[in-house]
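Student: Sequence:
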Amino acid sequence: MKSIFRGMVVALAAWLLVPCADASESDDETRAVFAHLLKTHADSIVRVSFVIVSAYGGQEQRQESSVTGVIVDAAGLVLVPKLVVDPSFPGMSRMSADQKMSFKLESRDFRVYFAGQDQPFEAEALTTDADQGIAWLRITAANAKLLKPVDLKQRAGADPGTAYYVLERLEERYGNAPIVSWGVIQGSVSVPQQAHVGTGAAGLAFNAEGEVLGYVSVDFDESDSAATTTRQNPRMLLTSAARLASATQRAKSLLDSE
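No gaps in the numbering here: position 14 of the sequence shown is 29 in our numbering, and each next residue is one more.
Fair warning: there could be bad hints in the mix.
List of simulated lysine-lysine pairs, DSSO-like, C-alpha gap at most 27 angstroms [to be verified]:
hint : residue 1 : residue 2
1    : Lys97     : Lys168
2    : Lys54     : Lys168
3    : Lys54     : Lys160
4    : Lys267    : Lys160
5    : Lys54     : Lys163
6    : Lys97     : Lys119
7    : Lys267    : Lys168
8    : Lys267    : Lys163
Pair by pair, the computed Cβ-Cβ distance ranges are [stated by the list, open to error]:
hint : residue 1 : residue 2 : range
9    : Ala70     : Thr45     : 42 to 50 angstroms
10   : Leu270    : Asn248    : 34 to 42 angstroms
11   : Ala50     : Pro249    : 52 to 60 angstroms
12   : Glu186    : Val206    : 31 to 39 angstroms
13   : Glu139    : Thr45     : 36 to 44 angstroms
14   : Ala130    : Gln78     : 21 to 29 angstroms
15   : Gln209    : Arg109    : 25 to 33 angstroms
16   : Thr55     : Lys119    : 39 to 47 angstroms
Hint data in this document are derived by calculation from the structure and do not stem from the laboratory. Glycine residues also receive a C-beta, built at the ideal position from the N, C-alpha and C atoms.
All chains, full assembly: derive it from the sequences and hints.
Tutor: In C-alpha cells form, the structure reads like this:
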C-alpha cells in the first residue's frame, strides 16, 4: 500500500512539474528574443522631445512632451508618430470654420536624445504620411558616429497570430533606458487601407529575428458614427515594412532636392 501511495505522489509531482518546465522554456525564449532585439537595434532607438503650442482667443499655451524615435537613415532621418509633427486632438475635425480660423496648434523645438550623450541634437520636421500615421524629422547637425539606422530592407511579412516587438527608449528620469514591448497581430483589413490589426504597443515593429514587420500606429476614428462612440479604444494598425521603406525613401528624396 505504501509503495502504491508513494508511486501516486511521484506521479502527481511529475505532473505538476510539467507546466513549470513549459513556462520556464517560454521565459527563456522570451528573454532570448528581448536580448537579441536590444543588442541588434537599441542603438537606433532615440528619445525625441518637442513642444506643442496651442493658441485660441489670444491666449497661448505650451506643453512639453517626448516620444520614442527611430533612426532610419544615415542622413539623420528620425521616424516618429505623425502627431509629433502634426498634432491634433479627438473632435478637432468637427470644429467650425470660424473656430479653426481662431485656433492654432503646432509642434516646435524638436530635440533628439541619444543614449550616453549629455546634450541633445536639434531637429526639424521633414514630412508626414497620414495614412501610416508616421512622420520624419531630420537632425540638422548630427554626429555621424551616433547614426546607426535600422535597415528597412531587412524586413518580413506579417500574418494574423504573429507576435511583434517594439523597442522604446524611456524618459530621462529613467536614464533613457531601452525597453521592449510586444503585441500580437489579430487580423487584417482592406478598408480604409490595407493593414493588419494588432493589439499591444505602437511603433516600429520587429519579429523575433529582428526583421522589420512595419509600423504600428494608433487609428483615431474622427467619424460621428455610433460604432465610434461605443468603441472604447482606438484600433492599432500595422502597415507593411515595404510600404514604410518606400515612404522613407520618398522622405529622403526631399533632402536631395534641397
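Student: Taking the hints in turn, state whether each one holds.
Tutor: Evaluated hints:
The straight-line distance between the Cα atoms of Lys97 and Lys168 is roughly 22 angstroms, inside the 27 angstroms bound, and the hint therefore holds. For a cut-off of 27 angstroms, the pair hint linking Lys54 to Lys168 stands: about 18 angstroms separates their Cα positions. A threshold of 27 angstroms between alpha carbons decides the hint, and for Lys54 with Lys160 the separation of about 17 angstroms falls inside it, so the pair holds. A distance of roughly 19 angstroms separates the Cα atoms of Lys267 and Lys160; the hinted pair therefore holds under the 27 angstroms criterion.
For a cut-off of 27 angstroms, the pair hint linking Lys54 to Lys163 stands: about 12 angstroms separates their Cα positions. The straight-line distance between the Cα atoms of Lys97 and Lys119 is roughly 17 angstroms, inside the 27 angstroms bound, and the hint therefore holds. Our distance criterion of 27 angstroms between C-alpha atoms is met by Lys267 and Lys168, whose separation comes to about 15 angstroms. At most 27 angstroms may separate the alpha-carbon atoms for a hinted pair to count; Lys267 and Lys163 meet this at roughly 16 angstroms.
Between Ala70 and Thr45, the C-beta spacing of about 47 angstroms keeps the proposed range 42 to 50 angstroms intact. Checking the proposed 34 to 42 angstroms range against Leu270 and Asn248 shows it holds: the Cβ atoms sit about 37 angstroms from each other. For Ala50 and Pro249, the Cβ-Cβ distance of about 31 angstroms falls outside the hinted range of 52 to 60 angstroms, so the restraint is violated. Look at Glu186 against Val206: about 37 angstroms separates their beta carbons, and that is inside 31 to 39 angstroms.
Taking 36 to 44 angstroms as the suggested C-beta distance range, the pair Glu139 and Thr45 conforms, at roughly 39 angstroms. Here the CB-CB span from Ala130 to Gln78 is close to 25 angstroms, well matched to the stated 21 to 29 angstroms. The given range of 25 to 33 angstroms is respected by Gln209 and Arg109, whose C-beta atoms sit roughly 27 angstroms from each other. Between Thr55 and Lys119 the beta carbons are some 42 angstroms apart, a value that agrees with the proposed interval 39 to 47 angstroms.
In terms of the numbered hints stated before, the structure departs from hint 11 and from no other.
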